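As you go down the protein sequences, you meet chains X and U in turn. Quick note: the first sequence uses the working numbering, first residue 1, plus one each step. Quick note: the second sequence uses the working numbering, first residue 1001, plus one each step.
Just so you know, the hints here were simulated from the structure itself, not pulled from any lab data. Quantities reported herein were computed from a predicted structural model and do not represent experimental measurements. A few of these clues could be false.
[To be verified] No farther apart than 25 Å at their CA atoms in a straight line, the calculated lysine-lysine pairs in the BS3-like style are these:
#1 K203(X) - K153(X)
#2 K1183(U) - K107(X)
#3 K153(X) - K7(X)
#4 K153(X) - K113(X)
#5 K181(X) - K113(X)
#6 K1168(U) - K74(X)
#7 K3(X) - K181(X)
#8 K7(X) - K203(X)
#9 K113(X) - K1183(U)
#10 K74(X) - K1183(U)
#11 K249(X) - K318(X)
#12 K153(X) - K1168(U)
#13 K238(X) - K211(X)
#14 K153(X) - K1183(U)
#15 K318(X) - K248(X)
#16 K3(X) - K203(X)
#17 K308(X) - K238(X)
#18 K74(X) - K113(X)
[Unchecked claim] Computed list of chain X residues with no C-beta within reach of chain U, every gap over 12 Å:
#19 P37
#20 A209
#21 P259
#22 E304
#23 P319
[Unchecked claim] Chain U is faced by these chain X residues, among others (derived, beta-carbon under 8 Å):
#24 L52
#25 P72
#26 A73
#27 M79
#28 S83
#29 A85
#30 P88
#31 F98
#32 G99
#33 M102
For each residue, glycine too, the CB sits at the ideal point set by N, CA and C.
Okay, here's what each chain looks like letter by letter:
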Amino acid sequence: MGKIELKGVEKTFGNVHVIQGVDLVVEDGSFVVFVGPSGCGKSTLLRLIAGLEDATGGHIMIDGVDVIDQPPAKRGLSMVFQSYALYPHMTVRNNIGFGLRMAGVDKAERDRKVDEAAALLNLTPYLERRPGALSGGQRQRVAIGRAIVRQPKAFLFDEPLSNLDAALRVNMRLEIARLQKSLATTAIYVTHDQVEAMTMADKIVVLSAGKVEQVGSPLELYEHPDNLFVAGFIGSPKMNFATGDIAKKLGGVTIGIRPEHLDLSRERGAWEGIVEVAEHLGSDTFLYITVEGIGRVTARATGEFALKVGDRVWLTPKPEHIHRFDAEGRAI
Amino acid sequence: MARKISPAKTAFWTVIGWAAGFVVFFPILWMFLTGFKTELEAYSTPPKFLFFEWTTENYQTILHQRDYLHYALNSVIIAGGSTLLALIIAVPSAWGMAFSPTRRTKDLLMWMLSTKMMPAVGVLVPMYLIFIWLHLLDTHIGIIVLLCLANLPIVIWMLFTYFKEIPKDILEAARMDGATTWKEIVFVLTPMAIPGIASTVLLNVILAWNEAFWTLNVTTIDSAPLTQFIASFSAPQGNFWAKLSAASTLAIAPIVILGWFGQKQLVRGLTFGAVK
Chain X
1 MGKIELKGVE
11 KTFGNVHVIQ
21 GVDLVVEDGS
31 FVVFVGPSGC
41 GKSTLLRLIA
51 GLEDATGGHI
61 MIDGVDVIDQ
71 PPAKRGLSMV
81 FQSYALYPHM
91 TVRNNIGFGL
101 RMAGVDKAER
111 DRKVDEAAAL
121 LNLTPYLERR
131 PGALSGGQRQ
141 RVAIGRAIVR
151 QPKAFLFDEP
161 LSNLDAALRV
171 NMRLEIARLQ
181 KSLATTAIYV
191 THDQVEAMTM
201 ADKIVVLSAG
211 KVEQVGSPLE
221 LYEHPDNLFV
231 AGFIGSPKMN
241 FATGDIAKKL
251 GGVTIGIRPE
261 HLDLSRERGA
271 WEGIVEVAEH
281 LGSDTFLYIT
291 VEGIGRVTAR
301 ATGEFALKVG
311 DRVWLTPKPE
321 HIHRFDAEGR
331 AI
Chain U
1001 MARKISPAKT
1011 AFWTVIGWAA
1021 GFVVFFPILW
1031 MFLTGFKTEL
1041 EAYSTPPKFL
1051 FFEWTTENYQ
1061 TILHQRDYLH
1071 YALNSVIIAG
1081 GSTLLALIIA
1091 VPSAWGMAFS
1101 PTRRTKDLLM
1111 WMLSTKMMPA
1121 VGVLVPMYLI
1131 FIWLHLLDTH
1141 IGIIVLLCLA
1151 NLPIVIWMLF
1161 TYFKEIPKDI
1171 LEAARMDGAT
1181 TWKEIVFVLT
1191 PMAIPGIAST
1201 VLLNVILAWN
1211 EAFWTLNVTT
1221 IDSAPLTQFI
1231 ASFSAPQGNF
1241 WAKLSAASTL
1251 AIAPIVILGW
1261 FGQKQLVRGL
1271 TFGAVK
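Next up, chain X with everything else stripped away, as it sits in the complex:
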């Protein structure tokens, strides 16, 4: 069991209001990702749940018990740090088993559980090594092993993949998602990488300036962003925005259209523009087009789209995919 509820959680550092009244429910067994730009408070929120920071106000409930005054050890959560934070003077075996040792589990039982976790993570050959003799990916797996061996109520991941190279990151992303599903343990995962968020999460929490902007499944956020911030943050490349007369004509103070929802044509269309840059990725072509009255618009064409810099092109937004926002930036 591991249902985590936040009720009006606040945190201030001096005069800075880092977390401003966050309410959130993380269902048992779900994989929730906190995502947002740097400095939005996502790591702080995770550390508040972990108990590594003291909340200034509000309540944190784990399985219905208010843990706001309890130290990290009593909360029954485990955490994977960005820096791995392994104990450099201990072998992999002792690193993974440290939590069990602190809990007073006897050696035989400890060894059995460590062996089990090591087998699950392909760490068995490295059990007697020290972290210094491991690669980045192996260290990350040790950190995960340390987290799972105690069978916590929930895993907390603080940007665990950002120190790994791109190829390894994709692998580990899959491995973590698979592991979480097979253990059916609640997980809260912090990242600034929205691809990680989209691919791993059951539910994404978008944060900005210490506030929750929107909570929803990846597709909900992609298809129905609540406001301009979420619309701009989720999706890659970013959504295009237009204001003024063009927006008014389409029924909003601001309108948004994703690059993949623009039809491209060399003959006719709604907006006329000049190709500024063309990125050919093989499977896709990203075109950066200057359109009068909007500015630079990103468009995504499937496959090869033979356009050169300086070519004239027409864009037509697909009507069913136009997002409309009011003067406050809320979705209409």
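Starting from the structure of chain X, add chain U where the hints point.
This is chain U only, laid out in the frame that chain X set:
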């Protein structure tokens, strides 16, 4: 790009380096040589450098007639005891200041260091009176506590600097793993800080071993360390230079040996944070 250094330049600076080293080392060498002279030769003009009657008479005298071992043991007890006591106080203090600093931590550190700026003689009279009242004169416990307090600011500063270098994440990981504060210090912080603690210990032992002001003032016989032993050869009847030198050689021998084996740690300790 590495700078080019000509062989002549290298030779020049090597000579300068050795010369400076020799100047610094000369008094110690002179002391060592004088210890093997007779009292008469120790005074001779012009001074004899190497060509004199080598004798071990001084060593025999101070070892048999004067109780070197008694003083040496006291030095060990005082240096060891005050270092141990300082560590017991300093490790948790430095831990607190390094990992849960408050707005006042910096001021507190500066204040502690400022106590080292005051000349010890300034507090001699009050300290002496306190020692009389508490019956601590010429006791091991008295001088141990005193030297511990005298060196505590430096010990805390050094440990603080080392602890600062330990990534906070690792201690937080221990906390998430269910370690109490005490277990965190014992199982995670201390093993990781061993090099730092070792050089702190070494430096503190040397400081306490060589400390002369307080040991000369508050000890006489029972708890008198080697500093008293050396000073006793400078008597009203005259200075016994040869015996004084032999005694000094014996007094610094243990610490020189310790320092020799620990010099790597010591240099690292003294330059810690200055170079990576």
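Okay, the hints, checked on the actual structure:
Simply put, K203(X) and K153(X) have alpha-carbon atoms about 18 Å apart, close enough for the 25 Å limit, and the pair holds. Restraint check for K1183(U) and K107(X): satisfied, since their Cα atoms lie roughly 18 Å apart, inside the 25 Å limit. A C-alpha spacing of about 19 Å is found between K153(X) and K7(X), which places the hinted pair at or below 25 Å, so the restraint holds. For the hint linking K153(X) to K113(X), the alpha-carbon distance of about 17 Å falls within 25 Å, and the restraint holds.
For the hint pairing K181(X) with K113(X), the CA-to-CA distance comes to about 19 Å; that is within 25 Å, so the pair holds. Proposed proximity of K1168(U) and K74(X) is supported: the alpha carbons are some 20 Å apart, at most 25 Å. Straight-line distance between C-alpha atoms of K3(X) and K181(X) comes to about 16 Å, which keeps the hinted pair within the 25 Å bound. Taking the CA atoms of K7(X) and K203(X), the gap is about 18 Å. The hint holds against a cut of 25 Å.
In summary, the hint linking K113(X) to K1183(U) is supported, as the alpha carbons are separated by about 22 Å, within the 25 Å threshold. At most 25 Å may separate the alpha-carbon atoms for a hinted pair to count; K74(X) and K1183(U) meet this at roughly 15 Å. At roughly 14 Å between alpha-carbon atoms, K249(X) and K318(X) fall within 25 Å of each other, so this suggested pair holds. Between K153(X) and K1168(U) the alpha-carbon distance is near 24 Å, which keeps this suggested pair within the 25 Å criterion.
Annotation: proposed proximity of K238(X) to K211(X) holds, straight-line Cα distance about 21 Å (limit 25 Å). Restraint check: the Cα-Cα separation between K153(X) and K1183(U) comes to about 23 Å, which is no more than 25 Å; the hinted pair holds. For the hint pairing K318(X) with K248(X), the CA-to-CA distance comes to about 16 Å; that is within 25 Å, so the pair holds. Simply put, K3(X) and K203(X) have alpha-carbon atoms about 14 Å apart, close enough for the 25 Å limit, and the pair holds.
With a C-alpha separation of about 22 Å, the suggested pair K308(X) and K238(X) falls inside the 25 Å cut-off, and the hint holds. Proximity of K74(X) to K113(X) is assessed by CA-CA distance (about 21 Å); at most 25 Å being required, the pair is judged to hold. Its beta-carbon lying about 22 Å from the closest one in chain U, P37(X) satisfies the requirement of being farther than 12 Å from that chain. Against chain U, the non-interface label of A209(X) holds: every CB pair exceeds 12 Å, the least being about 25 Å.
Chain U leaves P259(X) outside its interface by the beta-carbon criterion, the shortest separation being 38 Å against a cut-off of 12 Å. The claim that E304(X) is not at the interface with chain U holds, since no C-beta of that chain comes within 12 Å of its own (minimum 46 Å). For P319(X), the requirement that its beta carbon stay farther than 12 Å from each beta carbon of chain U is met, with the minimum near 50 Å. The beta carbon of L52(X) comes within 5 Å of a beta carbon in chain U, closer than 8 Å, and the hint placing it at the interface holds.
Annotation: interface hint on P72(X) holds; nearest CB of chain U at approximately 5 Å, less than 8 Å. For A73(X), the interface hint holds, since its Cβ comes within 8 Å of a Cβ in chain U; the closest pair sits about 4 Å apart. The beta carbon of M79(X) is positioned within 8 Å of a beta carbon in chain U (closest approach about 5 Å), and the interface hint is therefore held. A distance limit of 8 Å between C-beta atoms decides the matter here; for S83(X) the minimum to chain U is near 5 Å, and the interface restraint holds.
With 8 Å as the threshold, the beta carbon of A85(X) comes within range of chain U, its nearest partner Cβ sitting at about 4 Å, so the hint holds. For P88(X), the interface hint holds, the least distance from its beta-carbon to any beta-carbon of chain U being 6 Å, beneath 8 Å. The closest approach between the C-beta of F98(X) and any C-beta of chain U is roughly 5 Å, which is under the 8 Å cut-off, so the hint is satisfied. At its closest, the beta carbon of G99(X) sits 4 Å from a beta carbon of chain U; the interface hint therefore holds under the 8 Å criterion.
Of the supplied interface hints, the one on M102(X) holds, with its beta-carbon coming within about 4 Å of a beta-carbon of chain U, less than 8 Å.
Hint compliance for this structure: no hint is broken.
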